[in-house]
Structure formats: C-alpha cells, structure tokens
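Enquirer: Starting from the known structure of chain A, arrange chain B on it as the hints suggest.
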Amino acid sequence: AQKVTQAQTEISVVEKEDVTLDCVYETRDTTYYLFWYKQPPSGELVFLIRRNSFDEQNEISGRYSWNFQKSTSSFNFTITASQVVDSAVYFCALSAGNTPLVFGKGTRLSVIA
Amino acid sequence: DAGVTQSPTHLIKTRGQQVTLRCSPKSGHDTVSWYQQALGQGPQFIFQYYEEEERQRGNFPDRFSGHQFPNYSSELNVNALLLGDSALYLCASSSPGLGTQYFGPGTRLLVL
Chain A
50 AQKVTQAQTE ISVVEKEDVT LDCVYETRDT TYYLFWYKQP PSGELVFLIR
100 RNSFDEQNEI SGRYSWNFQK STSSFNFTIT ASQVVDSAVY FCALSAGNTP
150 LVFGKGTRLS VIA
Chain B
6 DAGVTQSPTH LIKTRGQQVT LRCSPKSGHD TVSWYQQALG QGPQFIFQYY
56 EEEERQRGNF PDRFSGHQFP NYSSELNVNA LLLGDSALYL CASSSPGLGT
106 QYFGPGTRLL VL
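The listed protein sequences correspond, in order, to chains A and B.
Quick note: to get this note's numbering, add 49 to the position in the first sequence (first position is 1).
Quick note: to get this note's numbering, add 5 to the position in the second sequence (first position is 1).
Just chain A, same shape as in the assembly (with noise of 0.2 angstroms):
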C-alpha cells in the first residue's frame, strides 16, 4: 500500500523567510512518482512538479526548489524568499504502478506580510 506523510499540519512564515515543506513517502514498488501540488483558497489544485523514482536530481524552478531522496522517501519543498500569494494549502501525492494518487494531508502555509 502506498502512503503519504506530511507532519507539518500548519506553517507560518513572515514574508522573505524561506520555508521547507516536509514529505514522506512509503511504497514497496521500484517504480514512483511523486508530486506537489498548490490549494489556494479557491480550492483548485494546481499542479507544481513531477517526479520520477529514477530521477533524484532536484529541481530549481523560480522561488521553489525540490529535493528528493530515496534513502530517507522524502520529497522535500523549499520556497525561497515566501510571499503572501504563496499562502495555501500544500499536497505531496504518490502514484505508484498504476495505481491513483494518494495525497498526504496537506501543509497549510500562512505568509504574513
């Protein structure tokens, strides 16, 4: 069975501090993806990244970055100097085979100006 940690059930950041979302994954499959996905309060999910199990390069995209690392099934999110528009409500999924994805709870991150 695949599962989704995400501890952090509340994050609040002042504006251009940088903030790390934590998530965990478990799945016995070799072969994964992992994503982030943005819930602003309008509640549509939108899409961050894409990650392959093979691939364990993080990505720089902007403000946010990713680190992946299998030894510890973690999918780390980094947004580098926050802003009030990246407050909301963040998801870390995991599809595995060809399975659906499963979502972890969800950090909610507040950005105070």
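There's no promise every hint is true.
If you want the ones that stay clear, here's a sample from chain A, every Cβ over 12 angstroms from chain B, calculated [said to hold, decoys possible]:
| # | residue |
| --- | --- |
| 1 | V73 |
| 2 | T79 |
| 3 | E93 |
| 4 | L94 |
| 5 | I98 |
| 6 | E105 |
| 7 | N125 |
| 8 | N147 |
| 9 | V160 |
No farther apart than 27 angstroms at their CA atoms in a straight line, the calculated lysine-lysine pairs in the DSS-like style are these [unchecked claim]:
| # | chain 1 | residue 1 | chain 2 | residue 2 |
| --- | --- | --- | --- | --- |
| 10 | A | K154 | A | K87 |
| 11 | A | K154 | A | K119 |
| 12 | B | K31 | A | K87 |
| 13 | A | K65 | A | K87 |
| 14 | A | K52 | A | K154 |
| 15 | B | K31 | A | K154 |
Read the hints as simulated data drawn from the structure, not as lab findings.
Being a predicted model, the structure only gives us computed values, none of them experimental.
All C-beta atoms in this analysis are idealised placements derived from N, C-alpha and C, irrespective of residue type, glycine included.
Expert: Frame of chain A, contents of chain B only:
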C-alpha cells in the same frame, strides 16, 4: 487551451437526495478521475474512467457511480446522500498512460 472545467461550482442538497456533478477534461486528455476532499483532509480517490469504462475504483460505496461520454467528459452521481457526503469534489484529467493529473476547480457539495 481550456483547462479542466466542472459544474456546478456549489450545490446544496438534503439527505436522501441524488446529485450529479459534471466534468470536462483538458484538451487532449482522455482519462478522468474523481476525488472527494473532506474539510481539512487530502483528496481521496473515488474512481477513474478511460474509454467510457470505470478502470479503477477507490474505497467508496456503490452509491457513488459515474459515467464517461464519447467526448471524454464525465459525470459523478451520488445517490441517497448522507451528511458525510458534504465535501469538495474534484475532477482531474490526464493523457494516456501515466500522465500527470490536472485538476478542475471542484464542486462544493453541502448536504443538509
């Protein structure tokens, strides 16, 4: 290029009623998945449709049923509504194979 669309945006029903939610996938996508998101929780997979057939199903009762049309759009039907069915219902579409799922804005269902 239109993204995933869902209708209606909000819905209020009473216990025992039936509801139908609709979803149009992103252009070029042929697979539609439905998720239920209760307040404060992550989305839970309901089922997935491909080639007008239910391909996978999550742990939801038979009161939840669906359909996919030849144009790839989809409906989610819930019968005999319970208070616990109140949630945000999200539709996601993807391209063939293990494509990334893109989500619509959701339908907020309130059961009174």
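Enquirer: Are there hints from earlier that the structure breaks, and if so, what are their numbers?
Expert: 3, 4, 5, 8
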